[in-house]
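Line by line, the protein sequences are chains C and H. For the first sequence, this note's numbering assigns the number 1 to the initial residue and increments by one for each residue that follows. For the second sequence, this note's numbering assigns the number 1 to the initial residue and increments by one for each residue that follows.
Read the hints as simulated data drawn from the structure, not as lab findings. Computed from a prediction, not measured in an experiment: that's the story for all the values here. Watch out, some of these pointers could steer you wrong.
[What the hints assert, rightly or not] What follows is a list of derived Cβ distance ranges for each label pair:
#	chain 1	residue 1	chain 2	residue 2	range
1	H	Ala302	C	Ala203	55 to 63 angstroms
2	H	Pro143	C	Glu78	30 to 38 angstroms
3	C	Glu125	H	Ala120	32 to 40 angstroms
4	H	Ile306	C	Glu78	43 to 51 angstroms
5	H	Val50	C	Thr93	33 to 41 angstroms
Even for Gly, the Cβ is constructed at its ideal location relative to N, Cα and C.
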Amino acid sequence: MSTTSTEEERSTEARGDTILEVNDLKTYYEDGGFLGSNPVKAVDGVSFDIQRGETLGLVGESGCGKSTLGRTLMRLEEATAGEVKLNGTDITTLSGSDLKQFRKDVQMVFQDPDSSLNERMTVGEIVREPLDVHDWKTPSERRERVRELLETVGLQEQHYYRYPHQFSGGQRQRIGIARALALEPEFIILDEPVSALDVSVQAKILNLLEDLQNEFGLTYLFIAHDLAVVRHICDRVAVMYLGNMMEIGPADEMFDQPANPYTHALLSSIPEPDPTIERDRITLRGTPPSPRDPPAGCPFSTRCPVKIRPEAYRDMDPELWERIEVFREVLRERSRADPSLSDRVRKLLGRESHRAGMDEIIPELFGELDVPSSVMTHIREAADYAENDDEDAAQTYLHEEFGSVCDHERPDQLTVGNRGRLSLCHRHEPEYEEPAAVFETLVQ
Amino acid sequence: MSTTTETEIPLRQRVAENPQPALIWAAIGAVLIGAELGAILQVVGAVAGVVVNLIPGDPGASAVQSLQAAFDAIPTLISRDVIPNQGYWNGTGYENTFLGLSPAVAWAIRVAVVYAYAFAVLAWAWNGYKRFRRHYRRVDWTPRDDVVNRFRGHSWGKFGLIIVITFVVMAVFAPTLGPTTMEQNILQPYDYEVSYWSEDTQSVETVLVGEANLGSGSQGAGDENVAPLTYDDFGRFHPFGTATNGKDLFTQVVFGARISLTIAVVAMGIAGLIGLALAMITAYYKGLADLATVLVSDSIQALPVIMVLILMLVIFQNTWVRELYDGAVLIILIFSIVYWPFIWRSIRGPALQVSEQDWIDAAKSFGQTPTQVMRKHMAPYVFSYMLIYASLSLGGIIISVAGLSYLGLGITAPTPEWGRLIANGQQYVASPSWHISLVPGLLITLVVTGLNAFGDGIRDAIDPQADTGDEAAATGGGA
Ligand code: SF4
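Okay, chain H solo, but in the shape it has when bound (with noise of 0.2 angstroms):
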């Protein structure tokens, strides 16, 4: 069946001769991404924002913000407006809560079509993978298949997967999981005003949301505590009880959740590039820059990582650095520079055994061109090793950053951090406000223990066999 111009359709000739699961495909998504077409554009527009922020001087500043304006006026399916949760008890029934239901159970519907939808969309990829595995794909076989057949196989890194994907769309979705938001409840709370049923006078009024914070701080005394999945006397729903100032604890986790991903992800990205790419120039030329890239690791890798995190951060104070992203670019910058050598030594190893291939002196002997041997021939089987140490080390790089935050380091205060969160909750363990500490604790563990399960599936998934022993120096990291 296989005749001699078949092997050179390009793909697009191979979907319309075949339409069909393209179509209905393409259909779904369409449907998934329209009903959350304004949430991705404000997506677009806050990165935008972050990226003027990061040129000093911020220029086209007021561009971007009138950009954000408009794509924020988009309706989208999964969006405060449409599941509102933030009305109040008018004597006789809820007003501006979702078909008038309980502040509460409005809230968790929408955190419930929240992760449905993410999960939707998962599925859809994926879903797309194999309907193009199954009717366009020209090879009916890769080597890549086998590592996809058996992480599905491996329920420990499933585990993780979706306690990762779980923590992503925390982040992601953080404007809109919280119950309040940001700007009212933690960064400007005397500029709004909640409305609330009072007992006393049998009314509604009104009440800023300062005022009202000050008034449902959890501070350890019965009275003084507003535990999880309880309202507060202002009718104020919060699912993970409110911190010490009375501020929403969830609205300020699931924006921690936020900083302590990019913060991650980004540094180890950058860690992991510039790893994987000592990798395979030291692999490739071996003598002299391998030596020289030893010196250059061990000299950092002797470095008491904490340390050195502290005192760059002291040294940084005051200054333009220290200031970016709320002290987010400068921790960014610190780990990966400390982080990188971890990479580079964990995928040197399989760097020189790949390097020593034949295939590599075959590629040679035809004069390809050493970036392209080293793309072509070298990376794509380190990248793996590269992701699992990058995945064990993640968890490091989360504890360290609320290890720092909680020294009063770090990101700066107002924006929510987990180990800040803790820090505040600290007196409080012993108390009824024993919310505080624990919750973000208890995600930070969650967390760690999510990315390290995904890391062994995919060392699982690459080679079965392997038996990699020196995982406990991966997850140690620079906690």
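Only chain C is shown next, with the shape it has when bound in the complex (with noise of 0.2 angstroms):
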């Protein structure tokens, strides 16, 4: 029925030797909540690969599940469900000397240069310890290695014998980075490599690491929020939003062409360089849903400025139909705010409860528009749900009545354009808008 990618598709177009490949990856982990509370979905679903001497940018907001996702790479973090193959092995089974193994050849260039290095410990130890965890070689030789790669991140060999805080925080990184170097890995994640850094060391660390590639062929996962460091450094870019990948392609089409409506937003925050170019900014409302409680349909389908209308409401007021979403959003929110202590009490005794009531929030939202009245009659329903603290009830009303095919159906990543550019979102389908298009009418 539409353009559905699936494994086939994508192994099909492959350019060349696939050295990681991410099959319908989950890590959910208990906050430290109470038990049976819902996990916290950090990765929910995330398929991807990643080709030899590629790097592929790893993107989202803070909390979007990037670094998880990259931890879960790592096998820092157990991965729930789903398979992690490097070069064909599943990593998240691995156990004994095979993951042993496994860690040589992967690495990790840490966010923090102030966190990643042991200030206890010399420069040299630092840098030897995976050589001495893996038994690598003699101990002269070892030592050896280490003022190699020292020099080959630049820095001095006499620099062996100092403390890391002796060093900048630019040149500490470069220290984290010849760790990552000394067990030669394939592939390297590197979570935030720089975003710690003055904006003057960014530029030189980043192009240390697109020398090392160079130079040993190395494959990166480069995790950023920085657009523009990412537009810079890689080949592809993945985008993720509340652990899952909404979109993913070579990087110059992504940026020039963003498929995906939260591709869209995202890059719309991002400054324009060049003031004399008009760009209308999309401003996202509220805020990310608890990834304990993701919606059931699209991941993005509480802040989509393009969602699908439902068919009967195609033609209402686009104020009118965005007062309704921001309702919504209200119910979540005060559905996921605990209620206070105070609040239960009270409910206890029978009073009214302290949160704004609905006979204030709705003259609020709806009271200078021209509702027609069979869409009031759905409000004031679910109105009156919430006032009797039901706001699971109101939801659920509101979501029957004015929810779409976003709401409902978790989309597929389906392919865009002819470069192997995939996109989590129903528009993509046939008898849809393009969110492009959309967008388009936004602005104006």
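Could you use the hints to bring the two separately framed chains together as a complex?
Written as structure tokens, this is what we have:
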């Protein structure tokens, strides 16, 4: 029925040799909560692959699960489901000597150079530790190798006997990179490697990383929240939102013509370097939903500016539609906020809840609009539920009435263009208008 | 100047290339150690004796005894034989005292020599560290240097350190410091004699030590009192006066220091190790391990310490455990069990904090084993916190041990213990014999203050900004 993307399609157009393949990976964790509470769905079914020698950028707002994804690939976090194949072997179940071998092949560079180096060890000891752990050759060869590595990353060999405290942030990051290189890995996960550094230093570290990639044929997964940096260094980019991969594709294409509505929104948040170019900002309403309780349909459906409307409401005044969405957001916020203890006491005593009542919210939202009476009935119905502290019922009611395919069905990753771009959005299905076109109309 | 090869030279070779500072240091060391070689071997012998004593059945006791005898025969600089003070007045001058000086002066000289020697050894060790730092260490700066430097600028901490050293020296050199010996004066007084100048007969007479003790007790009344820094009727000098039964108080106090410090340090050492090991495990694995430890430690901490001690001591009364090392072993065990939750609680925060550092993840990511991660990447950051809380609670243990002995539990008589001395002298506090209770009491106060000052010093040295608000809880300890 549509251009559904699946395994076959992706693997047939594989451009050479795949080093890492991730299939429907999920990482959930109990966040120290009470037993039986919903787990945090930090990574919620992600599939992609990385080609040997390329740099894949992984971007998203903080809390979108990109760091957890990186840590799961490193086996610092246990995967809940799915598989991660490195050179064809599923690494999520490795143990013993296989795990140790894997630990040699994949390394990580951490975000915060203050925290990633043990301050009580000399630089030499820090860089040498991976070699010691894996019993690499003889001790004197190890020292020799550490000195080489220090030079490779642009430090001097007499820094061997210094402590991290004696270095600047950029230099420390170089030490961290030297440590990651020590075991000659083929794949390195860079977890926001420059975001803690001064802008002037960032470029130097990025250049170093590119040089090292060329010299040693490394493959990078570059996690970042700064899109400008990603554009500079990455071959392909993956965009994450709420534990899902919203879009993945070649960097240039994605920056020029974002396909997914979320990518649109994310890109429009970058300040335009050239002020003469007019670009209307799309500001997203609200905050991302809790990863404990993600929306049933599209992960972005609670905030998407181009969300598909149900048939019956296609022609509704956009303003009114917007207000209904805001109303739903308000209900979500209310049910997410735990009622305070005093609220509960009030309820037990049968007194009025302290939270803003529906009789304040409804006029505020819909007061100055011309709301058709049929719509108003639905709103009142939901408001009644909420008034009785049953936000869930209110939400379900609105979901039934105003929900669309975006609310009901989780979209598939659909192919966009002909360069292997995938986007998680119903709007790429033929019966709907493409996101880009809808954005056009929004901006006008 | 740093060449490729230089960074690889082992310490031995670095010393060989520039031997002078090391040689001078070693030469001084040889002199210092040579002067006391006999005493060092005697300590080894004593430790062997304690170990044998601990093993039920005392295997090899005779071998250890002959070894001790052999070690005792080696002359040492600081010994009772070289600077004797137990002489007597023969009508015209002193006999058998050092250079014919009065017993008081001879004793004072010996004490001065002991402390001079002890501080000389410490100065030598410190000098060795500085020489190493200046001439041989490969790194020219380490984070620990800052800690050392900050402590050196901390007067209150240094004051504490000096007090602590003074007490440790007192405990270590107890047999040498006393004006008389445990054996002669306290344990077997009827096996030894003293000579003295009798005013009545105008001649030198001898008397059994036990009888002399009977005639020189401090029991409040004017003629039945031997005050600090005075001689008794038998020409014996008592720096701290005598106890109620006429035995020398100073001798008892220095041996009391030995037992108090041993119990406190060993118990704290065990508790500290348990606490540190558990802190590593709970911070590394979190979750269930942490929860289980919280439960156990909370249950232990809910018990009133003194009550538990009394109960346990009564339960084990008349068993072989109670007899070990005059009851000290049992007390040490109880204190370690009661104190580790406290140490663990105190260092749990720092341990959790360090476990959140990225370098832990980095170490895991290249396959470092959990034990090594705990040892190399976590323990060094938590150890100094443990040291702070250990030194702050040592005082609590010393007080508790004294309290137990005061109640008649704890260390069994006749082994001297500060608490028992205080109890003995209690009824004479308002009489001329006030010194019996007051001197040990003051010493306890001083040593506890010193330990707290030392703990404060370390705390400020490792973390100048830290504001550990729970020090009051720490000092409160078990007392
Ligand atoms: S599926 Fe619907 S809600 Fe999700 S991004 Fe596409 S248009 Fe927006």
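Are any of the numbered hints broken by this structure? If so, which, sorted upward?
5
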